[in-house]
Every structure is written in structure tokens, then in C-alpha cells.
Amino acid sequence: MSPATEIEVAGPFVLSEARTPRPSVFRHSGFLFGLVTVSVALLVALFPHAVATQDPLAQDIGNRLVPPAWMSGGSPQWLLGTDHLGRDILSRVLYGSRVSLAVGLWSVLIGGPVGLLLGLVAGYRGGAVDSLVMRLVDLHLAFPFVLLAMAMIAILGPGLWKMVAVFSITSWMLYARTVRSSVLALREREFVQGAWALGATGTRIVARHILPNVVNSLVVLLSFDLARIILAESALSFLGLGVPPPTPSWGGMLSEGREYIEDAWWIAAFPGFAIMLVTVGVSFLGDGLRDVLDPRFEPLNDRTRGGDVGTAKT
Amino acid sequence: MRNVYLRQIVQAAIVLLNVSLVVFVLVRIVPGDPARLMLGMEASEDAVQAARVQFGFDRPLYVQYAQFVGGALRGDLGQSVRFRRPVGDLLRESFPATLELALAATVIALILAVPAGIYAAVHRDGVLDRLLMAGALIGQAMPIFWLGIMLITLFSVKLGWLPTSGRGSLAQLIMPSVTLSTYVMALLARLTRSNMLDVLREQYVRTARAKGLRETVIVHKHALMSAALPIVTVLGLQVGALLSGAVVTETVFNWPGIGTLALRAIQQRDYPVVQGVVLVSAALFVLINGMVDLAYRYLDPRVRLT
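Taken in sequence, the protein lines are chains A and B. All residue numbers for the first sequence refer to our numbering, where the first residue is 1 and numbers rise by one. All residue numbers for the second sequence refer to our numbering, where the first residue is 1001 and numbers rise by one.
No lab work stands behind these hints: they were computed from the structure. Be aware that one or more of the hints could be misleading.
Among the chain B residues that face chain A by a calculated CB cut under 10 Å, a handful are [as the list claims (entries may be wrong)]: (1) I1014; (2) L1159; (3) L1162; (4) V1217; (5) I1218; (6) A1241; (7) V1247; (8) G1259; (9) N1289.
A virtual CB, placed ideally from N, CA and C, is assigned to each residue, including glycine.
Okay, chain A solo, but in the shape it has when bound (with noise of 0.2 Å):
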């Protein structure tokens, strides 16, 4: 094979990988499914008068435990049927969108820059605000998460917004470590180095080098934490630590519905779809960001991978 071969078939490949652009996000099925799922709900719960064909609070006790539209005796009134106060399934599990999409987002968007910021001086500072950062982190560790929020709700008192505080404090310290964990592998590299021998500040080199090769990730990480967070506000609501009643909530719902499966299985069925397809639309969501924000990212914790094991390094 002559050089000029060799140069021909190199030629074009390089190119064309220098070429090839970003995947985009819009190829991307899961993520496509994920991002309809997620703004549909999202619609659903700030105009759910739109959608919801009845009042979620009005009782009709005459038409009471009432089944799903097609099965006998169902009526095309009460699509999914009626609960144990003649209130409409439907127009309950639109509403109850409300609630847990509510407590996923002012849990995500609050410990999120918290988390952030503290991830970020804990990982370029080192120090005070690190040592403390990882002893939080340990000890929130250390507890089984349930148990942790039951315990603060139990002081706190039941709402929408003590919901929203324990998530909040309690998730902003694996956003936290995350964060630091990028910054300490950010900080050796040529780019970063480059920039302090060039004689920038630290807040500069933060600010400019750093947070941009961070927020990626966090974005990507908030987005499965919000599932996380769904999941565990249902898991509130159903044991009756959440937004107490008649407000509809998810997880109360099938709280209720699980006084009547012997005789109407759909007052809890529904609720139950509501919560797993946005749990799978925002994980969908995640896993297309991830793709294409950051295909480097892990969610799952770094010593499942092997690399840190406890003091087993040193």
C-alpha cells in the first residue's frame, strides 16, 4: 500500500469524526418520551381545572365505590370510577399531579444550588467547609431515608412544605458530594492549572473553568433525584406523613384505596400509573440528559464501580 493511499484513507475519517455534531437530543426516543411525559404532567398540575372534568373534592355519596367507565356498571361520567365519597377518580389523580410534582421540583430547586455551592467550595477549598460537608454526608448515609423523613415530620407536622424542607435537607448533601468529587478530578486538570498559572482568581477559575464542567452532571443527577423524591413523597402521603386530606395527593390516595380493595381495586390502581409513568418519564428524562449533557456520568454510587472502597485506598 503506497503512503498516499494510507493519506487518502485517513484523511476523510478524521474529518468526519472532527465533524460529527453533538447527538441530538430530539433522536433520542427515551428522551423524546421522557420530555413529552414530564411536560404533559407538568401542564396537567399547574391547569388541571382544564383537564379535570369534575371539583376532586366534591362528594356524591349516592354514587359512591362507582367502577371505571367500562366495566358494568360503570358510568362514562366517572372514567375511572368514583372512591369511597362518591369523589371522581380522574379528576383526583389529575389534581393529586399536583402535590408530588410540587414537592419534587421545591425539593430539587432548593437543595440543588445548595448542594452546588457547597460541593464546589467544599471541593476547591478543602478545609472547614469540606470536612463538614463529608461528616454530613456520612451520617445522612448512615440513616435509611424513610425513616429519617418519618421522624422529621413527625416533629415538623404534616404539609406540603415540611415535605419540601426535609427533602431539601436531606438531598443537597449527595448533590453536595457529587459536586466536590468532580471539582477535586476538575482541579488537576491542564485547564484548570492553566488558568492559575495564568494568575486568575479562585472565584474566577470557579466561575469560569469548574462550574461549567460541573452543572452538567448536577443537572443530570437532579433529574433522577426528582424521581427519588416523587417515589419517597408517595411513600410519605401514603403512610399519612403528607399533605393532609381532603387535598388529593397520590400517595393518600392509594392510602385510601387500600381500605377498599376488596370491593373497588381502581381507587388505588390509578394513583399507582399516575406515580410509576412520571417516575419513568423524569427517569426517561435523566438518562436522555445524561446521553447527551454527560455520557461519562454514573448514577449509581462510586463504589459500586470498585475504585473507592472505604479506607481500603490507604
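Knowing the structure of chain A, use the given hints to seat chain B on it.
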């Protein structure tokens, strides 16, 4: 080597001391008088005063904390307000039920998830791989208490095959343990698959193939051995999730474990019991993860050498 053990024990002790501090503070930041909250509004002022003295709320906070830690070290976690019995006794009665449930769930998860993950990795992108992974995704997205309720609807109400609740017989263990195992099962299946995929690309697997070993030997002896390590660690880390899951699972099936105990204690503001449950659960978690680290050292020659 001994140094390593010592350090691990010290670390565990520090974490537990912090846990006890958090639990202690948590119970004491309750707005209002804890003694009054525990006894209720109807109780007489004398009774409240007596409770204040009995539970030590009248003493300075640091004395209360020292007494709490000192008592816990001697195995004395105080008195339950509602049951008028030592918290330690209540925990001793409830823990076996939760352990039984968690153990059964772990065994079910391991038996089903590891082979599923191996199969999915070996037959990557096959129909069954896609089905298994879709199932795992749903398993992780599903509220397990909902699964529990649906299982009851199907197997107890419609088919009448299994009892709805309670503990004692094997039939009563089936649905709660399957319910609790779902999340861990889904996680393990995905993890086994991704680890097997990584390991099957390794040089030594290629060498084994080049030597002409049978594929089953390669997969089960060479690949699985090293893919198994992270599974052990993840199982250790899932103890917290298992305990949390046990709380809701026990509620669904009226299973008399610590979850049921904790929920009742929280509803009745029985703070000494809440304290005890959280402290003992955290201790269990730290203990199991310590053992996982040691197991790791034993299983992984690379770690053992260092």
C-alpha cells in the same frame, strides 16, 4: 492490617455518635413541651411534671444527652411512653420480623436478579434483554406499597390464594417479601448486566476464550467472579433502602416489624421509641457496611494486597 480494622471501628463509632446527636436534637426541637406533647392535652399538670422528671426533660440538655448515650451504650434506650415498657424490649420483639422480611427479600432479589442480569448481558440487545431491562426500569419506578396493594387485590381478594396480612406462616411471608424485593431486584439486575458487560470486554476473558474454554465456564467462573464484587457492595448500601422499604411494606401487610413500630410511635409521639428505632437502624446499617468492607477485602485480592 489490624490498623485498618481499628480505623474502621473508630469511624463507625464517630458516625454512630453523630447519629445519636442528630436523633437527640431532632426529638428535642419539637416546639412546645415534650412531656405535654407525649401525654396529650387532657393529662393533668401533675402527670406532666412527673413525666418531665421521669424522662429527664427537667435536666440540662448536655446531661440529657450524656444520659441518653450512656444508657444506649449499656443497652438501655429508655422507656416507651405508650407501652410503659423498655424501648429495648419493644425493639427486640420487632426486629426479628423485619430481619426475616428483609432477608427473604434479599434472597429473592439475588436468586432472580443475578441470573437475569447475566442473561441480559450475554444476550445483549436480544428480545429478552430488552424485556428484562424494561421490567427493571418499571421495578425501580414503581411505588412498592402500590405493588403490595395490587398483589393483595389479585392474590388475596380475587384469587384467594394468599392471606392478606399478618406473620407466622410461609404463605404470609410470600407477598411482603416479593414486594420488598422489587426495588433491590431491579437495581441488582441492571447492575449485574452493566458489570458483566464491562467484565466480558476484559483481556482475561478474551484470553479464556482464546484458550478455547466453554462459554458457560467463562461467563460463570471468570466473568461472574469479578462482576460479583460490586454487587456485594451495593447490597450493603441497600440496607438503608431495605429498611425504608420495610416501613411501607410492613404497613401494607400489617407485618409486626420495626416499621410498624416506628409508624405507630411517630403517630403517638412516643419519642423514646422513635429515638431507639432510628439509632438501632443506623447502627445496623453501619455494622453491615463495615462487614461488607471486610468481605470486600477478603473477596478482592487486589484490595487485600494493599
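For each hint, the structure was consulted:
1. I1014: At 8 Å from the nearest chain A Cβ, I1014 (chain B) passes the 10 Å test, so the hint holds.
2. L1159: For L1159 (chain B), the interface hint is violated, since the closest Cβ of chain A sits about 13 Å away, which is over 10 Å.
3. L1162: 13 Å, violated
4. V1217: 23 Å, violated
5. I1218: 20 Å, violated
6. A1241: Hint holds; A1241 (chain B) Cβ to chain A Cβ min 7 Å, cut 10 Å.
7. V1247: Result: holds, 5 Å to nearest chain A Cβ.
8. G1259: 8 Å, holds
9. N1289: At about 8 Å, which falls below the 10 Å cut-off, the nearest Cβ of chain A leaves the hint on N1289 (chain B) intact, so it holds.
Taken one by one, the earlier hints fail for this structure at numbers 2, 3, 4 and 5, listed in ascending order.
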